[in-house]
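Asks: Listed below, chain by chain, are the residues.
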Amino acid sequence: MTLQVPSHSKKHFGAPSHFNPASPPVDQIAIEERVAALAKRSIKKASKVSGLRLTVAMMDLTTLEGKDTPGKVRQMCQKALLPLDRDPTIGPAAAVCVYPNLVPVAKKALAGSKVKVASVATAFPSGQSPLPIKLDDVRRAVELGADEIDMVIDRGAMLSGDYRKVFDEIAATKEACGAAHLKVILETGELGSLDTVRKASEIGIAAGGDFIKTSTGKIVPAATPQVTLVMLEAIRDHYHATGHKVGMKPAGGIRTAKQALHYLVIVKETLGDAWLTPDLFRFGASTLLNDVLMQLEKERTGFYQANEDFSKD
Amino acid sequence: MKTKTKTNGHVAAVRGPAPLIAPPGARARVTVNRAYKMFVGGAFVRSESGRYFQVKTGAIVRGADPDVLNMPRGSRKDVRDAVLAAKNAESGWAGRTAFNRAQILYRLAEMMESRRDELATSLVRAGASPEEASREVEASIDRCVYYAGFADKFHALVASSNPVAGPHFGFSVPEPMGVVGVVAPSRPALLGLVSTVLPVICGGNTCVALASDADPRTALVWTECVATSDMPGGVVNVLTGHAKEIAPVLARHREVMAIDAWLSDGKLRASLEQDGADNVKRTKTHDDTADWYARGGEGVTFIERFLETKTVWHPVGI
Amino acid sequence: MKKLAKRNGNGHNELDFGKAWDYAPAPEATDHVKIAPRYELFIGGKWQKPLSKKYFDTISPSTEQKLAEVAEADAADVDAAVAAARRGYEKYWSKLPGAERAKYIFRIARAIQEKARELAVVESMDGGKPIKESRDVDVPLAAAHFFYHAGWADKLDYAFHGRRARPLGVAAQIIPWNFPLLMAAWKIAPALACGNTVVLKPAETTPLTALLLAHIVQEAELPPGVVNIVTGAGATGAALAGHADVNKIAFTGSTEIGKRIQRAIAGTNKKITLELGGKAANIIFADAPIDQAVEGIIKGIYFNQGHVCCAGSRLLVEESVHDVVVRKLRDRMATLRLGDPLDKNTDVGAINSKMQLQKIKELVKAGEDEGGDRFSAPCAIPQKGYWFAPTFFTGVAQSSRIAREEVFGPVLSILTFRTPDEAIEKANNTMYGLSAGIWTDKGAKIFWLAQKLKAGVIWGNTYNKFDPSAPFGGYKESGFGREGGRQGLSAYVELE
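Chains as they are written, first to last, in the working numbering: chain D, 1 to 313; chain W, 1 to 318; chain Y, 1 to 496.
One chain only, chain D, in its complex shape (with noise of 0.2 angstroms):
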């Protein structure tokens, strides 16, 4: 299963390993147990503010609605900032995540800090529309100053086997991303089984994802343990043949801090401590942070906390 990273031009596509690698087979039902035992490591006290802490500093704060308006963006901004005002020491997440359009509103509303501004674009949620019009989509993202690209995989090529159309789009997106780094998403909750999650994970390491992500956030399921420690068996295989990390990232489905520790649990039992940073590993969530940051405070107080004494941004 050695996979060769390929550099980003056309004439690399032609040997048949880049596009349709020989993935392992995955065993669901061991892949179940798996992740269910890891469901089962008991987080308390200061493990769980540190890696509470640590999931707000991985969060990607996602709103990617029809109603957005930049209203809506500049609060997020500012939560994404500074997510509990009484303790400045949490945060700040590590970026926001908008449609193209209100890439500039969050780009100012954050300018100075070092929280990244994630644009989706590939005619997201779908990725149902022509090349160039996705790769369009992608340059105005980037020179709008999005920091980060997060693409949709054709699904449809994928079912189909054209294996090949699939690994070209994200070679030509990561191409249209310039300096922006790419994250493929494989809409796992589209895919069927957890063998071709395996095998979209390899092709998206290898056309060139700078991280690999499970879900739009428009599908149910969303993200789950279960084809997270999937896509984590294959950025680990790749690391093992080529030095190359890739990150990973859930997205979609994680509500709770309880939630959040497992997937934490899942990364430091399958990869160690490399990826245990938000430069190799993201939660893309909306409604998880009010989560965290009670947890958190139920951990200072000691008092289970309520949800009203948190910032609906």
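When the alpha-carbon atoms are kept at most 25 angstroms apart in a straight line, the in silico DSS-like pairs for lysine-lysine are as follows: (1) K44(D) / K344(Y); (2) K476(Y) / K271(Y); (3) K310(W) / K442(Y).
Output of the computed footprint for chain W on chain Y, the stretches with three or more beta carbons under 8 angstroms from beta carbons of chain W: (4) 141 to 152; (5) 447 to 453.
It is worth saying that the hints were derived from the structure and are not from the lab. Since we're looking at a predicted model, the values are computed, not measured. Note that the Cβ used here is the ideal one computed from N, Cα and C, for glycine as well.
Fit chains W and Y to the known structure of chain D by using the hints.
Replies: Coordinates of chains W and Y only, in the frame set by chain D:
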């Protein structure tokens, strides 16, 4: 429209204790009467038709219901709702482990034991002697324990490893059919109901049952045991009403894969068999004369009647 | 494209499973658990002082602290227990209909569920196994065994193809220290379901949960004498197995003792079942889901510190994936957490006894002396208690002692094979035949190997699975008879 259910012949002979009369000078307490509802999708519902029929009793039991009760008279649309509930519960119930189904059936037995007095009172009100009632309740609880114990064992008795002539590993395993309709025996109302419904769900099917027309109340008391037994909603659905109305709707419903009807009305039995042919329904009809207390009233065959057999072939090779 | 560097795993692309983010101690609460300072013998439904007047200490192998003292039954005590079992059989149990026996056994199952946490904590304290295993495996399975067998009590007519089954009478049951409560359940539940009464002897290093089970039996109001528990060591077991008035012996333990019992009862009419040692092959093919297979290796050999008769102690790897499997195994072992059995995050607990630790050390030394390449997980070993870091050997030959003898500890021998035929030949090349594992994505291959392996339990793409509905037991010197399932019942009945 009102109809009456005839009270059973031996009611008059069996009278419970005298009614509670407040001593002179004390304030008489007015009891709170229970409204009886059918059990569909884990919820207690009236008939969507708004119709009712009355059940009367002659046996007086301290603190019990009034002598005349209004029971929901189930309709065609109630059958539709109940089948939908059963259909929605089907994959979840079949997908549970056999052990889990066993646990839930055992929990049901525990709930029945804890409500044994209430069940017995209901039987007495419908005409049983206290001795008969208690015997029926005990037999019903034990039958529930019996099927609880069978949920993870019948496979070992009805499945097979098939020694096929060739390099293939073959086995045949039982699988539930899906939604099964039950027209419960008339008497004994409780033991007949549990003896027909439990093997159906023990095998992993879900069920829509029509309660005994002679004593629909006891069936509804029993569903209160079901409701508190960890049984997922929709696995057991119990309607009250008239067999002539309900049974043909069950027999013609295309989501109902099998029907088990215990009816003394021979013409109705024949017409159910006719109706069932429309979707090649596994239609089992019986004259309502079984002895449910006997050993023949329970057994793996009751489960097996509502199981499909799936044969699997798999190559053996490198 | 950036930071490609360092291709190919020539030692550079190592993962670091350090403490960038670590788990704080998460000890299971013990304040709700009551361990008495002294336990008597449970005979005839009562707690009786031993006629021997002797007691022995049971200690926690993780702290070496004394937990309680326990009566040591001598021959006279065993005689009293067998007599009580006989009375229980004649007077009560043989007269009860199956449906009524069933309800007593269901009561025991329920009480185990109700007391689950207490039983799990005591099991981990007394035996050293991680709380997550006693909590998630031993105790729920023990309850499930009672639950399952309760259901057979009134269905025995079905189990034997129409022939009527009669109970045997008094069953003498001797169980090991690796799954104390679970083995008690495996023994007692089918015996009672089939209408026998029992005298059970738990292992001397782990008597406590069997004694808690005696309390449960008492609280479930079983008739006196139906279940009797006598504690003691080898001499107690020998007195029980050799007692003239027992009709049946069920033994789980070492092959050596099993043979001794089989010889001792030669010429008597006693029925016997033996569940003995193992040296199972866990076979990994190149087409296996490798990451999941690595989990299966871990589960196969390090579950319960390797104190498992069906442990996958011989890893047979297709040579072409040997290096990748070993590398992944080392990575995985770096995440194993060894230590306090009561910590909810502990993966590997304490070795059950000082004696067992000596035995493991001796065999590991033999492995080193024979030229095997040893790797041990980088775990810190606590000061007090008996511990052994998860270990494997590569470069092991079929003839090596560690490839032939049962270590009964967290020690894996890794061998390679080239073809499926060679895998079968090596897997079967042992006096044992309890279990085996097969890892391949190809179903036909699983069935092909399953057919050819001489072992009683075969796991395909999984390992160490147990269920009361699935018969368990060995081929060859791993013993005879099955426990669990319909087949398991025949150990406790006579057919008319």
